[in-house]
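Asks: Heads up: the protein sequence lines correspond to chains A and B, in order. Okay, so the first sequence: first residue is 14 according to the working numbering, each after it adds one. Okay, so the second sequence: first residue is 2 according to the working numbering, each after it adds one.
Since the hints were derived computationally from the structure, they do not count as laboratory data. All figures in this text were calculated on a predicted structure; none of them were measured in a lab. Any given hint could be a false lead.
What the hints assert, rightly or not - Straight-line distance between alpha carbons at most 27 Å, and here's what the computed DSS-like set of lysine-lysine pairs gives:
1) B/96 / B/65
2) A/711 / A/527
3) A/397 / A/711
4) A/1013 / A/803
5) B/65 / A/496
6) B/96 / A/908
7) A/230 / A/394
8) A/397 / A/496
9) A/803 / A/533
10) A/394 / A/441
11) A/900 / A/711
12) A/902 / A/769
13) A/496 / A/418
14) A/441 / B/65
15) A/418 / A/533
16) A/496 / B/50
17) A/441 / B/98
18) A/496 / A/509
19) A/691 / B/65
20) A/230 / A/397
21) A/527 / A/509
22) B/96 / A/1000
23) B/65 / A/769
Below are the chains, spelled out letter by letter.
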Amino acid sequence: MSARIQNMGRFLNKNAPVTFTFNGQSLGGYRGDTLASALLANDRMLLGRSFKYHRPRGLVASGAEEPNALVNMGQGAGFEPNQRSTTTELFDGLTATSQNHWPSLNFDVGVVNNYAARFLPAGFYYKTFMFPRVAWKHLFEPVVRHSAGLGKPPKERDADRYEHFYFFTDVLVVGGGIAGLQAALAAASSGAKVLLIEQTAHWGGRAPVDGAEIGGKPAEDWVAETLVTLQGMENVTIRNRTMGAGVYDHGYALGYERITDHAPDTDAPRHRLWRIRAKQIITATGAIERSLSFAGNDIPGVMLASAVRDYLVNWGVAVGQRTVVVTNNDDAYRTAIALKQAGLEVPAIIDARPLVDGNLPNQARALGIEVREGRAIAKVKGGKRVTGVDICLQDGDGGAREEIKCDCVAMSGGWSPVVHLWSHCGGKLNWVEDQAHFAPDPNRPPTGADGQGFVLTAGIASGAMDTPEVLKDAHAAGKSAAKAAGYTPKRAGPPKARPTDEALMAPVWIMPAKATPDLKAKMWLDFQNDVKVSDVQLAAREGYESVEHTKRYTTLGMATDQGKLSNINGLAVLSDALGQPIPQTGTTTFRPPYTPISMGAIAGEARGDIFQPLRRTPMHDWHVEQGAYMEPVGQWRRPYCYPRGGETHAQAVAREVNNTRNNIGLLDASTLGKIIVKGPDAGRFLDMLYTNMMSSLKPGRCRYGLMCNENGFLMDDGVVARIDGDTFLCHTTSGGAEHIHAWMEEWLQTEWWDWKVYVANVTEQFAQVAVVGPNARKLLEKLGGMDVSKEALTFMGWADGTIGGFDARVCRISFSGELSYEIAVPASQGRAFWDALHAAGAEFGAMAYGTEALHIMRAEKGFIMIGDETDGTVIPQDLGLHWAISKKKEDFLGKRAQQRSHMTDPNRWKLVGLETLDGSVLPDGAYALAEGENANGQRNMQGRVTSTYHSPTLERGIALGLVLHGPDRMGEVIEFGLIDGTTVPAKIVDPVFYDKEGEKQNV
Amino acid sequence: MLILTCPYCGVSAEETELHAGGEAHLTRHATGASDDDLQSYLFYRKNPKGVHFERWRHSNGCGKWFHAARCTMTLEVFGTYSAQTTQPPADLIKKIKQKRPDWEGWT
Ligand SMILES: [Zn+2]
């Protein structure tokens, strides 16, 4: 059993007991515990179920590399799944539940997958997807959906807040072990600005646990002193609980600070994302111990040797009362020695190496621990907890076994430097034969803008294994970083430390070496994703030679721990199966973040009201006061309609359309893009941008124009007014102003830079109101000022003047088919002008209308709308807009592309009007059915609906659409498919439904 | 998250201040162009593992387009220069040649 040991636990504050809840049961721990250590102290070994086979799973590790012990944390708005219990600090009132089991942790139905394991081999998903669809739908999917998956997604909005923090530094040091501390000290003593971050709450890393001595003192004392020194330096910033999440281009790095996870009642953001720019980055990220592959290595109670030691020394928890240590290296002996010295039983150390005669093994022997050389674990016994191990010869097939009773197995397959951050931005690795691991190649670092390396490694992260080496390496890294950042490092050297001579480890990838297939099928590589030695070997047999392919085929290393434990073991097994050396197989790609970071931290403050900027027209508040229903248009909010009394939106829209057609409507058109194009070459420039001729436009006149991209596709439209010989005012769509302005700049700056033209986006400088309807002129004449008579201001003309005392530019243009004036006034006077129009217009029935009424009225007139009739594949010719395409101009953007054979194909779908026979409204986007099927067995189509509305004017459904040979098929009835599988007939008609002769706008 | 120095305003701009504009020094083929030339203008782009010339706009800054010469593998930036030129400056080409003797050169 697992239990707390008195008088141990360097992280614990025994004066601060803590109560927490796991699966509804109230348990006790101490301040300083992790959830993992507290659960172990309460003898909770079974913590979850594996992903695929639902096998019982306990803790394997003590830190970020933990693959199994993921829990659901918190409740309601604070709920978060897949939290790693080993990195969750305990606090009073913590609630956690286990995940991926049904109906309970102890009795799990999904465990049948375990007995069906031989039917769920590597590539299971790949293979089942190739089965007939019916088998997938009725057989596999229901089973997989029920049993796969880890935590549940949260249902409520996250109640916590998060923030981003920008930081610029000379040197960033990631990792607060002795290497990180020494590197930070060496760099900072040069005067360089240093940021030192550590992912846990504690400084010093493994050195204090391992009994290192530095400067003649216990490591713990040296760590405390160094920390004080660093804290006293003005050029040093230190943060614990802050993980180096990723290293990116040109010295950019992300830090992930967990501010209140351990103290949720604190009034502070929960997480802070540090967006760091560093001239130099030092990764002092330590190393992760590897598991060993023996049968049953996933049974709860089998743990990394270093983790068993951590739980004992740091948290005062004995994982087991009788622990068998199994290893291929000397370091694991430290675990055996620590356990023995704490009064716990260590019946044997199983060492795969044939001869063991080092310092540490002999210390263990002197304590009376039996060392079994050249031995292996053939099989772990137990179900939800280890009960014993069968041992055998390492150099055998697992026969001739001998049983040892135990309740814990501490395994060590050697150590792998944490190379993630080094690798994120392109740092390369070397295979180090005598440690059987990949270590950073200092000659091939990630490079910055100057082509020089900007990442250094320090300590074990470099592959330095012994304390004196670690400090020397870290000191050198700190000095190099300071120098590269432009500072002069001090001459002082690293502190002296006591060396420990360790014998060489021996690579052991399978235990025993000649294990039979039934044993290999129980050797876990990836605990969370349930990938075994046999799966990787099967993948190799099936032809998966690339490590990247094998990873995806077997899902090795694709779980939330991203293969921190499984990586090297997996590719060693793959290399062996392929008969090639490990460096030839290589590693999979290391991608940020190092461990998962919260979505909240990524979003930071960008949520809710400040997710993105909100653009308001000068009349915005009026719309809100009137209770308008607002819709987003780009970053603007525009009134969709203004419901009155108990009106539905449809009723409000119908009223607004009818009132505009019969009396007068007022539209806030301020969002319409307004771009000034000015200069001697302005006309020439607009002739290139628009499909029609703009240079021939006379001052005082307006012209509708189309803009295409170089592929010939229609991208924007609007009315251009010529202000004077050199000046044009280009109106764009509401959403288009910024990108059309950028489009103009791009051509002027990068292609026609010698043309004398300036452009300015003045959209927000003006408020614009469309005064629309038969009474429009009466209203303007009542307000008085400029002459807006038919004779003085003709259709498609514009004039400057005053209206009711407001400086105004008035364009007589119409998007509704009615008598219409679009009036721009300075933005600062927009609201006053709007109010004046309403006040004076009351007697003429003036009423505001929204965007939906606008859309309906334009559709009734057959006017196209960018984004409805166009979708990036439509050319003006498809829309019957030949009249707006100049034949005289030699060139305009998109002209050559429109001459391509596909663009001139007579079978392109063309714009028509559509009317259902029963007056109903066609569904938006509905397709028109044609005879036959295509090569994929899908029904052929001959057109689609692009705009569809109920027309209050015509009191029936009207639609615009693109139809094969449409303009030649007037009066023909075609069938449109509905989602329920039925069809609805519609007649092809002229796209202009209302006032075909255009008499109403021209009065 | 590259950092490029805008040659117009002199700001060392973070990538979030910039807008990437793809390959630099394309020739616009329009009126009378052959199908092959049009195709290459509209669609064919270099994708080198190494030295590359790109268009960038300092969109959240001075608004100017400029060109950058950089290595897509090592992220080394050889230089930034005006967008108002049809080819990279000779001294920049010389500098890249010195650093990368095996480089095929600008074509
Ligand atoms: Zn700039």
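Asks: Look at each hint and say if it fits the structure.
Replies: Structure-based check of all given hints:
Using a Cα cut-off of 27 Å, the hinted pair residue 96 of chain B and residue 65 of chain B holds, with the two alpha carbons roughly 24 Å apart. Our distance criterion of 27 Å between C-alpha atoms is broken by residue 711 of chain A and residue 527 of chain A, whose separation comes to about 92 Å. For the suggested pair residue 397 of chain A and residue 711 of chain A, the alpha carbons sit about 88 Å apart, so the restraint of at most 27 Å is broken. Restraint check: the Cα-Cα separation between residue 1013 of chain A and residue 803 of chain A comes to about 12 Å, which is no more than 27 Å; the hinted pair holds.
Distance restraint check for residue 65 of chain B and residue 496 of chain A: the Cα-Cα separation of roughly 35 Å exceeds the 27 Å cut-off, and the hinted pair is therefore not satisfied. In summary, the hint linking residue 96 of chain B to residue 908 of chain A is not supported, as the alpha carbons are separated by about 40 Å, beyond the 27 Å threshold. A threshold of 27 Å between alpha carbons decides the hint, and for residue 230 of chain A with residue 394 of chain A the separation of about 43 Å lies outside it, so the pair is violated. Distance restraint check for residue 397 of chain A and residue 496 of chain A: the Cα-Cα separation of roughly 55 Å exceeds the 27 Å cut-off, and the hinted pair is therefore not satisfied.
Restraint check for residue 803 of chain A and residue 533 of chain A: not satisfied, since their Cα atoms lie roughly 92 Å apart, outside the 27 Å limit. As the CA atoms of residue 394 of chain A and residue 441 of chain A are separated by approximately 41 Å, the hinted pair breaks the 27 Å bound. About 19 Å separates the Cα atoms of residue 900 of chain A and residue 711 of chain A, which keeps this hinted pair within 27 Å; it holds. Proposed proximity of residue 902 of chain A and residue 769 of chain A is supported: the alpha carbons are some 20 Å apart, at most 27 Å.
Taking the CA atoms of residue 496 of chain A and residue 418 of chain A, the gap is about 57 Å. The hint is violated against a cut of 27 Å. The hinted pair formed by residue 441 of chain A and residue 65 of chain B fails the criterion: a straight-line CA distance of about 37 Å is larger than 27 Å. Taking the CA atoms of residue 418 of chain A and residue 533 of chain A, the gap is about 22 Å. The hint holds against a cut of 27 Å. Straight-line distance between C-alpha atoms of residue 496 of chain A and residue 50 of chain B comes to about 31 Å, which puts the hinted pair past the 27 Å bound.
For the suggested pair residue 441 of chain A and residue 98 of chain B, the alpha carbons sit about 25 Å apart, so the restraint of at most 27 Å is met. At most 27 Å may separate the alpha-carbon atoms for a hinted pair to count; residue 496 of chain A and residue 509 of chain A meet this at roughly 23 Å. A distance of roughly 18 Å separates the Cα atoms of residue 691 of chain A and residue 65 of chain B; the hinted pair therefore holds under the 27 Å criterion. Restraint check: the Cα-Cα separation between residue 230 of chain A and residue 397 of chain A comes to about 43 Å, which exceeds 27 Å; the hinted pair is violated.
Using a Cα cut-off of 27 Å, the hinted pair residue 527 of chain A and residue 509 of chain A is violated, with the two alpha carbons roughly 45 Å apart. Note on residue 96 of chain B and residue 1000 of chain A: the hinted pairing is violated, with a Cα-Cα distance of about 68 Å set against a maximum of 27 Å. Taken as a hint, the residue 65 of chain B and residue 769 of chain A pair is honoured in the structure, with Cα atoms around 16 Å apart against an allowance of 27 Å.
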